[in-house]
Amino acid sequence: MKPRLAEETTSGGRVGDRVRRPDAVQKVRGDFPYSSDLQVDGMLWGATVRSPHPYARIESIDTKAAKAAPGVKAVLTFEDVAGENAYGLEIADQPVLASDVVRYWGEAVALVAAEHPEQARRAADKVKVEYAVLKPVTDPEQALLPKAPKLHPGGNVTRHIKIRHGDQNATAEVVVTGDYEIGMQDQAPLGPESGLAIPDGEGGVDLYIATQWLHIDQKQLAHVLGLEPHEVRLTMAGIGGAFGAREDLSMQAHACMLALKTGRPVKISYSRPESFVGHVHRHPGKLHYEHGATKDGKLVYVKARIVLDGGAYASSSTAVIANASCFAVGPYQCPNATIDGIVAYTNNPPCGAMRGFGSVQNCYAHEAQMDKLAAALTMDPVALRRHNSLETGSALITGQVIDGPVPVAELLRLVHERPLPAPAAKNADLTAMPGGVSNTTHGESVKRGIGYAAGFKNIGYSEGFNDFSTARVRLSVVDGKPRVEVHTAGAEVGQGLVTIQAQIAGTELGVRDVMVLTADTEVGSAGSSSASRQTYITGGAVKAACEAVRERVVALAQSELKSGEGLRLEDENIVGADGNVLVALATLLGEEVIDELRVFRPRKTSPLDPDTGQANAHMQFAFAAHRAVVDVDTELGLVKVVELATAQDVGKAINPQAVEGQLEGGAAQGLGLAVMEEIQVQDGVIKNPSFTDYLLPTILDMPPVRMDILELGDPNSPYGLKGVGEPPTISSGPAILAAIRAATGRPVTRVPVRPHDLVL
Amino acid sequence: MNVNGVDHPAPTDPRRLLSDHIRHDIGLTGTHVGCEHGVCGCCTVLFDGAPVRSCLMLAIQAEGHQVTTIEGLAPDGAPLHPVQQAFHETHGLQCGFCTPGFVMSVVGLLKQNPDPTPEEIDEGISGNLCRCTGYASIRRAVLRAAELSR
Ligand code: FES
Ligand code: FES
Numbered sequence: 001m002k003p004r005l006a007e008e009t010t011s012g013g014r015v016g017d018r019v020r021r022p023d024a025v026q027k028v029r030g031d032f033p034y035s036s037d038l039q040v041d042g043m044l045w046g047a048t049v050r051s052p053h054p055y056a057r058i059e060s061i062d063t064k065a066a067k068a069a070p071g072v073k074a075v076l077t078f079e080d081v082a083g084e085n086a087y088g089l090e091i092a093d094q095p096v097l098a099s100d101v102v103r104y105w106g107e108a109v110a111l112v113a114a115e116h117p118e119q120a121r122r123a124a125d126k127v128k129v130e131y132a133v134l135k136p137v138t139d140p141e142q143a144l145l146p147k148a149p150k151l152h153p154g155g156n157v158t159r160h161i162k163i164r165h166g167d168q169n170a171t172a173e174v175v176v177t178g179d180y181e182i183g184m185q186d187q188a189p190l191g192p193e194s195g196l197a198i199p200d201g202e203g204g205v206d207l208y209i210a211t212q213w214l215h216i217d218q219k220q221l222a223h224v225l226g227l228e229p230h231e232v233r234l235t236m237a238g239i240g241g242a243f244g245a246r247e248d249l250s251m252q253a254h255a256c257m258l259a260l261k262t263g264r265p266v267k268i269s270y271s272r273p274e275s276f277v278g279h280v281h282r283h284p285g286k287l288h289y290e291h292g293a294t295k296d297g298k299l300v301y302v303k304a305r306i307v308l309d310g311g312a313y314a315s316s317s318t319a320v321i322a323n324a325s326c327f328a329v330g331p332y333q334c335p336n337a338t339i340d341g342i343v344a345y346t347n348n349p350p351c352g353a354m355r356g357f358g359s360v361q362n363c364y365a366h367e368a369q370m371d372k373l374a375a376a377l378t379m380d381p382v383a384l385r386r387h388n389s390l391e392t393g394s395a396l397i398t399g400q401v402i403d404g405p406v407p408v409a410e411l412l413r414l415v416h417e418r419p420l421p422a423p424a425a426k427n428a429d430l431t432a433m434p435g436g437v438s439n440t441t442h443g444e445s446v447k448r449g450i451g452y453a454a455g456f457k458n459i460g461y462s463e464g465f466n467d468f469s470t471a472r473v474r475l476s477v478v479d480g481k482p483r484v485e486v487h488t489a490g491a492e493v494g495q496g497l498v499t500i501q502a503q504i505a506g507t508e509l510g511v512r513d514v515m516v517l518t519a520d521t522e523v524g525s526a527g528s529s530s531a532s533r534q535t536y537i538t539g540g541a542v543k544a545a546c547e548a549v550r551e552r553v554v555a556l557a558q559s560e561l562k563s564g565e566g567l568r569l570e571d572e573n574i575v576g577a578d579g580n581v582l583v584a585l586a587t588l589l590g591e592e593v594i595d596e597l598r599v600f601r602p603r604k605t606s607p608l609d610p611d612t613g614q615a616n617a618h619m620q621f622a623f624a625a626h627r628a629v630v631d632v633d634t635e636l637g638l639v640k641v642v643e644l645a646t647a648q649d650v651g652k653a654i655n656p657q658a659v660e661g662q663l664e665g666g667a668a669q670g671l672g673l674a675v676m677e678e679i680q681v682q683d684g685v686i687k688n689p690s691f692t693d694y695l696l697p698t699i700l701d702m703p704p705v706r707m708d709i710l711e712l713g714d715p716n717s718p719y720g721l722k723g724v725g726e727p728p729t730i731s732s733g734p735a736i737l738a739a740i741r742a743a744t745g746r747p748v749t750r751v752p753v754r755p756h757d758l759v760l
Numbered sequence: 001m002n003v004n005g006v007d008h009p010a011p012t013d014p015r016r017l018l019s020d021h022i023r024h025d026i027g028l029t030g031t032h033v034g035c036e037h038g039v040c041g042c043c044t045v046l047f048d049g050a051p052v053r054s055c056l057m058l059a060i061q062a063e064g065h066q067v068t069t070i071e072g073l074a075p076d077g078a079p080l081h082p083v084q085q086a087f088h089e090t091h092g093l094q095c096g097f098c099t100p101g102f103v104m105s106v107v108g109l110l111k112q113n114p115d116p117t118p119e120e121i122d123e124g125i126s127g128n129l130c131r132c133t134g135y136a137s138i139r140r141a142v143l144r145a146a147e148l149s150r
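Protein chains in written order, with my numbering: chain G, 1 to 760; chain Y, 1 to 150.
Just so you know, not all the hints are guaranteed correct.
[Said to hold, decoys possible] No farther apart than 20 Å at their CA atoms in a straight line, the calculated lysine to any residue pairs in the SDA-like style are these: (1) G:K261 <-> G:E592; (2) G:K481 <-> G:A586; (3) G:K126 <-> G:G88; (4) G:K562 <-> G:R598; (5) G:K303 <-> G:E141; (6) G:K426 <-> Y:P118; (7) G:K687 <-> Y:E36; (8) G:K687 <-> Y:P118; (9) G:K447 <-> G:E635.
[Unchecked claim] Cβ pair distances, simulated, as ranges: (10) Y:P9 <-> G:E547: 31 to 41 Å; (11) Y:Q112 <-> G:R601: 47 to 57 Å; (12) G:E118 <-> Y:P9: 17 to 27 Å; (13) Y:E147 <-> G:E572: 31 to 41 Å; (14) G:A422 <-> Y:K111: 49 to 59 Å; (15) Y:P9 <-> G:A422: 49 to 59 Å; (16) G:S445 <-> Y:G77: 52 to 62 Å.
Please keep in mind that the hints were generated in silico from the structure rather than gathered at the bench.
Glycine included, each C-beta is placed from N, C-alpha and C at the ideal position.
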């Protein structure tokens, strides 16, 4: 039994071509099965009982009434967890179902499977859980105090990163300080968490799931289900966006447990409110900064204390705080740095990965500081940034010397020199005004502001983490024509990985007909679709496997044609040294199938020194700069972003159309955090778990994004490419903040910016 | 009710939402549900030719009416509808979860206004959310769709 999955389409195209996505045909037809569309005959529906308290001891769980409810086939609690009741991406600190204590509002406590989703939900309401309510710890600074209750056995510090670089007692002629605050952002992928678990009748289970990393799910699932990894097989279902929200387990273990218990397929699909508690969020944080510079505007030192609220469980907090700390200064040369980055456990919703993780939070602070410094020095803010920009061969505050192109000053020049949009027209359309069609102004009290920001971040895994991806490439003849099949476990989250894999295979093997197979755990791990790494790492694996196939084709041709050197594979033919076609590839292959598997590893990284944070901890860096132009209604505190301009070095644009989409889409998420998106948490409870109250940018909020895309080529990566997805989300928001400050003359130190921050 | 030219019996449950009825009872899963609240527009269908949010209607309200879902635009492998074609050509999607809703809204918009200005496009599809594209490629898709429909 198998649900219907997305078609394995063929496509062609070469690296660098503007290739239309092959999956788009099914997507525009409404025929692409997302995880929420999965169905098989006889499937049950699962529902989750969740804690109504952010912090409480569980006194008892009574499932009797729920078990007796109509249509119910199973009700499960922590006692039904067959393996170890603990999982997590980096620290296994989170129970599959809470046993003795709940640590956040919405934590899973029990599960129900029933014939109909409505029956499952009603039965879930009948599970009686008695709680002894405890006072939640909701402020990370409070959580760090010695008297705070310990939320986990090891205390409330999830990780503390110390960076001690250069002279710790450096002094400077000009000093500026600032405090900044970041709200909690949601990834808000439009496709809800969902999946379908089908028992195999022999104690194992097949899970069809929308996830960012099949193999890390598999590993965690085997552990909590008490099975061997080969007994938990995962297949990718259609993913309706991810952005970090699908890195952790959500309903995966729950659906598998219910399926194994009932012997029936079980589907779980979250509603939007449930999705808000079903995945981690971007860490909110408070950042205190001090910058010292010489009178002529050279950075002397940066001191920072960055405190992020990790919420109830660790998720990827340890990596997020590492980024926030390692890149705390931004893309600038700074000889001396003292950085303390701390992420704490609290009873707030758990936080983890979201596009640009760690670098988004600190960019708001370091860019505001650069503007403050420019003001103190009466220097132009762009000139100050360019004066201090990282260059090839600069040392980061972690001591790592960066190689390859580092065009920070050039990116800033490009956005700075771009022509500015026309001033607001006198009788402009209402949609062009702050407040839009609400008709709050016709231009009176509207002030324009322009702001700049630059940001950077690591690509791929860091700190010695074993980064690799696996690809299997198979060349055969189908219907008289050569066909390449590419099989990886890489997650197509929307970024266009399927297209890119086909382009790489098409380029390396010169074959037009490339089919990318469904991602699953039958092939080795691809690592996650996160940290902007997939084109580099899985792309690198596909390239390596294709090269191995190509070598075998050439060897075959040499032996068949009894020919010596100089043969090559070109445009579906074997070509001799003189360029003449010797034999068609299809003829040469005949019945032969050439199948190669390769694992690709980027260059190694090292762990941060625990006392000084010094190390070559990162594999690649990506840089971007933004300019924002905003109009602010200074009486009502309403903001209209008029235009965004960006410049980014992508190394090599494998599919320029997809690159542009990343720059535009990433900027929209940056804009969202800057001016509207915030999960409002009060005493540990989410107050706005719906799209009515959690605002996302619409087309009316999103200005045009003017782009300069540089392809400077990284000497270490496949085709010279750089990860693309995250930099657009890093400096876009801080540029908007700078523009708002310029328009209003107010310090504006918190995001998202609220109207009262601009007028009261 | 008539869905994509085929008559279907009314749902037995009078509280059934039109979106759930289309997806679960009729089995047309191209109509997506992203918010259940009338905010995201993923569930947009044509109701007697005009775009509506199927999560905000009861299925029984569609009794005696014509409903067109995304699957009805180019049925049984027919060539793509110009609006579908335009989204494909201009990379007007990434994950594609929002796409059926956008396509249905744009079909409705172009029917009313075959040659919309950029402002009219923005207003016409401001009720649909996309989390991936930042809307720029969707703007291009609508312009292209207008061109292809001429
Ligand atoms: S699901 Fe109907 S508008 Fe979102
Ligand atoms: S393409 Fe993903 S939500 Fe629009």
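Results for each hint:
no. : hint                          : verdict
1   : G:K261 <-> G:E592             : violated (45 Å)
2   : G:K481 <-> G:A586             : holds (6 Å)
3   : G:K126 <-> G:G88              : violated (29 Å)
4   : G:K562 <-> G:R598             : violated (28 Å)
5   : G:K303 <-> G:E141             : holds (18 Å)
6   : G:K426 <-> Y:P118             : holds (19 Å)
7   : G:K687 <-> Y:E36              : holds (18 Å)
8   : G:K687 <-> Y:P118             : violated (36 Å)
9   : G:K447 <-> G:E635             : holds (10 Å)
10  : Y:P9 <-> G:E547: 31 to 41 Å   : violated (58 Å)
11  : Y:Q112 <-> G:R601: 47 to 57 Å : holds (55 Å)
12  : G:E118 <-> Y:P9: 17 to 27 Å   : holds (20 Å)
13  : Y:E147 <-> G:E572: 31 to 41 Å : holds (35 Å)
14  : G:A422 <-> Y:K111: 49 to 59 Å : violated (33 Å)
15  : Y:P9 <-> G:A422: 49 to 59 Å   : holds (58 Å)
16  : G:S445 <-> Y:G77: 52 to 62 Å  : holds (57 Å)
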